[in-house]
Structures are given as C-alpha cells and as structure tokens.
Amino acid sequence: MRTIDQTTQEVLTLASKHFQVPSDSLAPDDDFFRKLGINSLQALELLSRLENHFGIELPDYEVQGVSDFRTLASRIQSRL
Amino acid sequence: MLDLTRYQSCGAALKDALEQFAPEVCLIESDRDREKERLTYRDFKERAHSLATGLQDASFKVNDRAAIIMTNQSKWLITAYAIFYRGGVLVPLDYKLTAEEQWQLLNHSSASMLITEYPIWRQLSASPSRSSAITLKTILITEAPANADLSGAKRWEEFRGSGEPAFIPRNRNDVATIVYSSGTGGRPKGCMMTHENYLEQCIALTSLYPFAPGFRYLSILPTNHAIDFMVGFFGPFICGATVVHLRTMRPEYVREAFPKYKITYVSLVPLVLKNLQKSLQTRFDALPSSKRKMFRALVAINKALTRSKPRLALSRRLLPQVHQAFGGQLRAIIVGGAFTEPQTLQFFYDLGIPVANGYGLTEAGTAITVNDLKPFRADTVGKPLPGMQVRIVNPGSDGIGEVSVRSKTVMSGYLNEPELTAETMVDGWLMTGDLGRIDSSGHLQLFGRKKNMIVTEEGKNIYPEDIEAAFESLPVKEFCVFAANYIWPQRSMVGEQLILVLRLEPGQSLTGELRRDISARNNRLLNYKRVHGLVLCNEDFPRTASLKIKRNILAARLALQDRGSAILPL
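Respectively, the protein sequence lines represent chains A and B.
In terms of this note's numbering, the first sequence opens at residue 1 and continues consecutively.
In terms of this note's numbering, the second sequence opens at residue 81 and continues consecutively.
Chain B extracted, bound-state conformation (with noise of 0.2 Å):
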C-alpha cells in the first residue's frame, strides 16, 4: 500500500499506484459467463492517459467539473481517473435516477463535461430537460452502436489524444468530487469532498480492512456512492489489488462471480443481505435431517470458536460448503447504506463470515463507524475509525444525542449553500441529524434520524427506528416505524403515536391472524413504546439507488392520506 501521508491529491496517488503495481491485475469485467476485458494497471495507465490527452486537447481546465453517469464498469474508473489527472473535479451522478433529475443534478453542478453510457444518453437527450444544460460542453458516449444517433455527443472510444498528456497537481484542500447525498427534491445537496477528505478516509479504512495484490473487490454497490468509490476504486487501486465488474447484476451471475474470481471483499445493502440470508436459510432447511443437525452442530461449533475473533481458516475448515459457495477467500462482506438487522450480521458471523457494519454518511466521507470484529458487535454500528472523532450533542438521561462527528474526512460543504452549510457544521462538527450512544466499549448505537421521534408523557425519548426490531421478520413485504406526527405534522407536543407502516404482499390481506401476530409482538415492548395503529401503503416503499428507504419521501406520500381514516386501529 502507498503512504498516503506523503500525498496531496487523489490523481497524485492514483499515479503512483499505477506504476508501482503496473504489472498486477486491476480490472477485470464480465458480461454473464463471459469475461470482457482483463487489464493491469499498466494497460489502465495507457487507457487513461489516452482519455487525459483528449481533455487536454479539448481545453478542460484545473476545476473543470465533469459528471459521470454509468453502471459499474472499467471505463467508469479510467475517466474518473483522467480527470483527476487533469486537475477536474468529478461530479459522480446517480445512473438510477430519472432523466429529469440527472439534468437538473448536471445544472446545479455546473459540470463542463459528461460522460454517460449510450443507453443512458438515449434517456437524457430524448428528455425536455436537456434544453435547460447550459454549462455542458461535451459529452462523451461509451459503447455506441455504430450507427448511432449520438445527438450532439463524441465517442468515447475516439475522444484521444496522443503525446503524453500534463499531470495537473491539486492540493489536499482542493475540491475532488461533488457528490449528491440528497436532493433531487427542492433543494439538492452537493457535498463538496476534498483530496484530503478520500486520502485520510482510506487510510483509516484500510487500517481495519486492508487490501493487497492479489485481493479481488466484488463491486456491486453504484460506484457513485461513497462505499463503491472508496472500496471498489480508491482503496483497491492504492493497494494493487483487483476490481471486479459485473455488467448484469442478476443474482445468478453474482453468486457465479464468487467462486469465479475468488472474491476478497463484497459491499452489499441490508435488502441484499437479507435476501442471500434467505436463500442460505432455504438451502440448510433442504437437507436432509442427519445433515442438518450435523450442519448445526459445526455451525455452534464455529460460534464458539470464533467468539472473541473471527478465524477465517478455521471457519472454513468448519463449514467447507458454505465457504466455498463465496470462493473460499471472502474475508468480509461490508454492509452499508441503510440500518441492518442484528440477526442478519449473527446469521452471517456464526457461519464464519464476518460482516463490517458501520455508519457514514456522504457528508464526512464513507464511513464514521465501523465494527473492527474485536469482538463481533451485531447490535452496534462499530467504534470510530481512526482518526474519527465522534461526541454526543445534547444527550438525554439515556445517553442518546444527536451525533456529531469532526474529522479530516467531512467534506467542505455543500455547494452553492452556504446556509444549509452553516446549519450542518457547528464550530467544525458535522451534525449528522442521526440520533446515538456511545457505549461503554465505545461502541455507537443508533436509533434513528432527530425529526422522526416521539415524545410519551412520561417523558421517553422513542426512536422508530429502534421499535423496528421488534417486527423483525414479519410475514409482509415492507414495513416501517413512524412518529405520527413526522407524516401528518401536529402543533402539539402531547398525545405522539407511533404507527406501523405495511406494505403487504401481492394478494394478502391484513388478516386477523396477520393483526395477531403484530399485537403480539407489540405487547412484548414495553408499554411506552408501543405502536398504536397501523397504516397500509399501496405501493413500494420508495428506495435510493443504494435501496435505502427514502423515509421523507414514503411520509410526505403517506400524508395524502387522511390521518383519522389512515391509521387503523391495532
């Protein structure tokens, strides 16, 4: 691994790590079965230095903003590249949006430049938003028919240059990327991320989950958001070791890609976590009963073993099986993006897999938290990482506060906001609006957002999020927790309720037995904490790119409802 302590930019590093690892593996790409492109670093250097003399030609700038709008892939990873190199500033657009707010994200960007994939730019200049990008200059296509219409763009494939093209230095404090943590609504926020802010979050990330040649990173998660850019383009790259795309992310092929290319590391959502918990789960209830209880014993085996620490080789030792169906080499799968559930990180640990939960948010880089496995916490988000400095604003009785966070790895604001800015950092914290403890151990545990909250007039602080837990595998497709008054605003500060929010599967209906089960476990909470009505939801919850649920979105949808019809009585 570089020592990142010696760098000013995120280019200046990425430059180095090409020729020092030039002849290891750095991409690999497959399309289902078949394996598209294999390159070293040494072929990633010439791709990209191409793509930098092109811009060069084309009189991109020192803080030039270029957006890129792609699914995972290498070329997606050679341009952010180049545009480094030549001193830009990467603006990484979400693939998943609509048109609409891709171009209403590029005009308050003010990006120069895009580079998009051929059926996405279909998209974008069929839309009527296109009349309104006033900044874009050029925009580069990848992988266009050969007799496409490419409405006004270039080929990617043909925008070069030759010569070798200037390597433009930027300082630790410069501007590297604009990243949108929200925003598609009224008033989007641009997280302005600085060199400093990805050289001092990898070191602290790789501190606990290292990387080297010969490692291979599984990218799922959009490389767009901050997990992916980080472990599956910054750090992997800084440390020699390989990154691996999928251009189909049907599950088939993923499971396939495991054993395929012996992954090291995966990132995954919670919903994609759990759905591999359910077919694992569907898979050891299959065996046949002498098995089964065998596969428990090894199983109770492995959690005994593996209490204080995970010990990987003895695991797989243990549970060959299991093991091999992820390759045999997987160190660790990381899970972020959204809240998961205790028993789902248990389920994966007891089998010998560890999973590195944590807590981040856009606005301080990618992670805060992060669980260091000494011992497995599932009921926590992790400690701070190194270099982290978490406190408590205002804590109650119980603990629990508003988490603020101060770091060289919180971005530097958000563009063209300069309130919204002053509202978020305090004095040099970051104010996440995230509701924590820290525990004894110095452990974080969370329990939801600040505004999603009730009041009782016992005076108890209930958090939602916290309740969930306790319809933990409930028989319906989606369900969450929230304060009433979060979805229909009140001018009250008494008589606060906590509702339970149902999307149901296709064809059930709310059942008495369905109604029993939920009473029953909302009896096991405690009186105050109780939910005290039940909302359906006839549709699916609305979820980020990352299939986090887009609470403020599901609430303000929710509040069309009349509330005194809404709200079912439990």
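For reference, chain A alone in the conformation it holds in the complex (with noise of 0.2 Å):
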C-alpha cells in the first residue's frame, strides 16, 4: 500500500511527464490550472491517464472544484 506521500509524488511525476514540463517544477501545493495553465478539458485527460496508472475510477463528481495536487492526490489515495 503507497502512502499518500508516494501517491502525491507519483501524481507529481505524472502530470509533469504529460503535460512536458519538468518535474521539479512542480509542488503538491501548486494549483494545477495555474502552474501548467491547463484548461478543464486538459485537466481531464491527467485525470484519465491517473486513473489508469492507479488502476482507479475516479468520478467527475469527486475532482469537482479539486485544483491543487495534494487534495488530488488525496481523492486518489481514499480510494486505492
């Protein structure tokens, strides 16, 4: 079982390689909107590609309002 600072870390890693930026460029307290300047639509796809690296579902309804990668990394660990 990861702990929650290794799903943060791995959500990290993630958006960086998809989104092609460098990885320590970005912190689990970035909004995520903001720091890759991403729109709703982009935001999805991350969620998409996490969840299958996860091997999760997250549904629309749990990322409601979600912006920042720690509260992500969160809705993700509440449900490995």
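Not one of these hints is a red herring.
Only pairs whose alpha carbons sit at most 35 Å apart, straight line, appear in this in silico DSBU-like list of lysine-lysine:
no. : chain 1 : residue 1 : chain 2 : residue 2
1   : B       : K454      : B       : K383
2   : B       : K340      : B       : K371
3   : A       : K35       : B       : K358
4   : B       : K628      : A       : K35
5   : B       : K176      : A       : K17
Some residues of chain A that are not near chain B, with every Cβ distance over 10 Å (derived):
no. : residue
6   : M1
7   : T13
8   : S23
9   : H53
10  : I56
11  : Q77
So the derived list for chain A, only partly shown, Cβ under 8 Å to chain B, looks like this:
no. : residue
12  : V21
13  : F33
14  : K35
15  : L36
16  : G37
17  : N39
18  : L41
19  : L44
20  : E45
21  : L47
22  : S48
23  : D60
24  : Y61
25  : Q64
Hints listed in this document are in silico derivations from the structure and should not be mistaken for laboratory results.
What you are looking at is a predicted structure, and each value in this text was computed from that prediction instead of being measured.
The beta-carbon is built from N, C-alpha and C at its ideal position, and this holds for glycine as well.
Put the two chains together into one complex; each comes in its own frame, and the hints tell you how they fit.
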C-alpha cells in the first residue's frame, strides 16, 4: 500500500510527463490549472491517465472543484 | 411532434408527450462504458408521478419555487417534470458555482425546495452560507451512500407518495422558470421565463432543426443552461426523441458516445468545438502523404457539392471515416454560448458536418437567430428565427447598432429588479447590449458588446471582438481584445486604444518571434483598427460554466494592475 506522500509524488511525476514540464517545477500545493496553464478539458485528460496508472476510477464529482495536486492525491489515495 | 400552439404550459405539453410516445426510449444514461439506465417515456412518467405525489404530500403548492443543482442526468429531467406537473416554478442553478454562490442564488430565488446530488450537498451543507438560507424548507438528495450523513436533507429516492398526483394547470403567461443569466456578483439577474417563452421557442427551433422518435441528442452542456434545457429536454421530449446523458465528461468517453449511441445532435461551446477541430486536424495531418492528398481532394469535392445546402447522405458517402467517427447519424452540431470563429465553423461544414451557430441570450429564450444553412454562412450568426423581430437601434453609418428583440420568447422580467427590467425592456423590446448589423440577406452579424468599444479620433467605432479574428490561431493559450478604457475607465472620449490581452502557455514567454507574429497580424488590419499594446494575464481567463469568457470579471482583475506599466508597447 502506497503512503499519501508516495501517491502525491507519483501524481506530480505523471503530471509533469503528461504536460512535458520539468518534474521539479511542480509542488504538491500548486494549483495545477495555473501552474500548468491547462483548461478543464486537459485536466480531464490528466485524470484519465492517473486512473490508468493507479488502477482506480475517479468519478467526476470527486474532483469537481479540486485544483491542487495534494487534494487530488488524497482523493486518489482514498480509493486505493 | 405535438402541436404546441394548443398548449398552455410546459407541464401540459410534456404530460401529453409522455402518453403519446409511451413505448419510445426517452433517456439513456451512461457512466463510462457502462449503460446505467434506459427509460421509455412510460418509465419516465411512472418515476416522475411518484415524485410528484411526494411533492403533493409535502404540501408543495402552485408557484412554489424548487431549485435543481445537478449534473446532467435522468433525475434532473424527472424532477423538473414533477415540479411542472405540480404547478411549481423551476430554478435551475449551475452546479459548477461555488457553494457560497449557490446559496446566494438560492436565497435570491426564495426557493422553498432544493434538489441536488450528494457530492454537491456535502459542499453546500458544509458552507457557512447555509445559515443564511431562510426560505428553504425541503432538501432532496440523490444517490447518497447508505450511511451518509444527510445533514437535514431527505433522500430523493425515498421521497415518494402513493396514488396518482393531481396535475395543476398553468397558463401561458405564468412563470415557468427563474434562470440566472449572470449575477453571482452584486446583483443577481434572475430571468423570469414564462411557459409561453418555452412553447414558442420550441416551435421556432424545431422548425429548423426537427426532432423525431429515434433521434438521439447527446446532452453535454449543463442542463441549467438555456440551450440544453431546450434542446436537451423540452424539444426532444415533445417530439418523442431520446436524450443521452453521460456521467463523465472525459473526452475519450464523449468521443465513444457518438458511434455507440448513433447521436443525431449535440450542443457544444466553441472551446470544445475548437478542441475537436484540433484533434481531427492532427489526425488528418498524420495520414500518409498519398492518403492525405486523396482526403483533401474529397474534402474539396464535398465543399463544392455542398456550397448551396448541406447534403448529408452525399457527405457521408464521400467522407465515410469522418462521419463514422461521429456515429454516421449526426445531422448537426449546435454551437452556442459564445462567438465561434468562422474558420472553425467552416472546417466542420467542409467535412459535411453542419454547425448550427446562432445568437441568443437567456433573457430572450434560447436563441434569437440561427444559421438556416440556406446557404451556410460562417461569417454571421444566422437569420432571426420564425416569430422573432430583430431591429438595430440607433445604427451608425455602417449599419451597426444595439440589437433589440421583440418576441413571445422574451422573459417577463428580472426577479425583484423592476428598475433593471425597465432598463432592459423598452417599449416591449429587449435591449441586448450587443452590437450588430443585419446584412442585405437578413443575416445578423455581431460586433461585440455595447460598452466594450472604442471610438477613434477619426470617428470610427471599433469593436474588440471584431479585431480578435485577426489573431485567430495565435500560438498562445488564450487571448482577447479589450478597449483599454473598458478596463481602466477614463473621463475622456479621445485617445482610446485597443489592447491585446495574452495568457501564455506554461513556460512560454513573450519572445521576439511572438511579438513579430502579433505585429504582422496587427499590421494587416486597417490602421484605425490596430491594437496599441499588450497586457499579459498571469492566470486563466475566468469563464462561465458554458466556458464563455467573463469579460467583466477579467477586466476587473486586469484593472488591479497599474495601467501605465501593464500595457506593454507593441
């Protein structure tokens, strides 16, 4: 079982790969919309990638209003 | 289709539709690749009537207001019908608003009942603003987990009565809904829409874009939005068609839904349409050279053969792979909520997929003008729908003035705002605040909002949205043009300038190359139409749930910067 810190780190790594930005440029409390400059459609694409990686399903409502990596990681952690 | 001229209310028309089309499928609900629900009109009636009985038992009275805050799903429509059946007034609210904003509108509407989903209720009930709710008596929650703390709410699924509910008739001029066109800021604008507004709008729209049993509408825009409420609920229902709901908006499942459910119509906002265009273009560009040439030749043939009108069957034969990706049954993509670039509209039309672009605002019902495709015109927002009178108030020498509308689809007024209503409705005409011109063939062309404009020293009126076309496809994340004085008001009518506001991609900087690109585009404009400076925006543009730029909010944010240092010379 992953710890929340491990999950958060994996979320950051996947986001940096998906949007092709240096991994050390992202931090857990970053607002991913602002930091990555993405729109809601691009955020949904990232979610699909995270679901495949972690082998879970995240309903849209679980991530409605979520905009930082830490909260996103905690929503994933609760479904692992 | 029912003859809506015979009906007094939405509830009465829907009631007959449920009888007439009883064996037809009215709703399909899918969650990812799993189909959750498929209801016939008979099933729908059964569920809605037991809810209506619950409302009756709970003393829900005629004209009582009930708010719905839900994502697009079957329970949204079942609940709305039950409210109409019992003579209530529906208040559809945007599920993407914050809890504080939702409470503000709930209070403003004086809703006595709220119907919402469990995840939304979790946020609403935890909000400190809940204590301000004084009129709300009953809260119904859908899909709550078995052991969930409902925090004073009741389960929608258990809120049922027995026996047949009594239908409460309403008249055409009675208020059917209160729809918020804006106003989570200081002054909420609750448009009071009558039953007649919807009946007449439906007659007008279906005369151009008809529904019938077997037609399937993919509901993506939020149902609280005027477009989806009309073409994703009322319109298809009174024609016996099917509405398809997706419980996730992940692009891959939306794409899959087209071929899976053989979609006939879908409504999209320009951002999504453009995204679709981009992904299709990428796929076309990736074709091997010989196939790409062949494909381009077929597109050119299709373009030539559909110049005067769409020929769906022909286009489907010429470009089968494109059409199969959309399910092979798509008749049109309806686009609304914001201005769509002509290049995007033309892209789809050339593939044989008509895009029904139009112009409308909540206050006037769903749509005022729609492209009738006779022939397709990408440079306008179409002609007035049947029953709409459109006139241009105080047109300038170029024919441009404020668009005003008179029709049976125009709202009765803003809730609790008699002064604002009087400013907006003048002698029976709705003043839209939008600027437009009607061309010689009767098509409406838009030129921006009344206040966000400049008048040059040569006396030329320039509209920022007109200028934006010159920067189409600029390699930045987002851009828009403002009148500088709209952001930083000046007490002067001279020296007005346009500015280009840029939101760069992550990691992107304002390079010399980008500046040169902007200057080259700018220089292609007539000199009095050129932008005079750039402003960098360090966050995404604020947008409504339908992804329209909230220009007034963006302007207010930009205004926090010092004008002198914010405007970079071009």
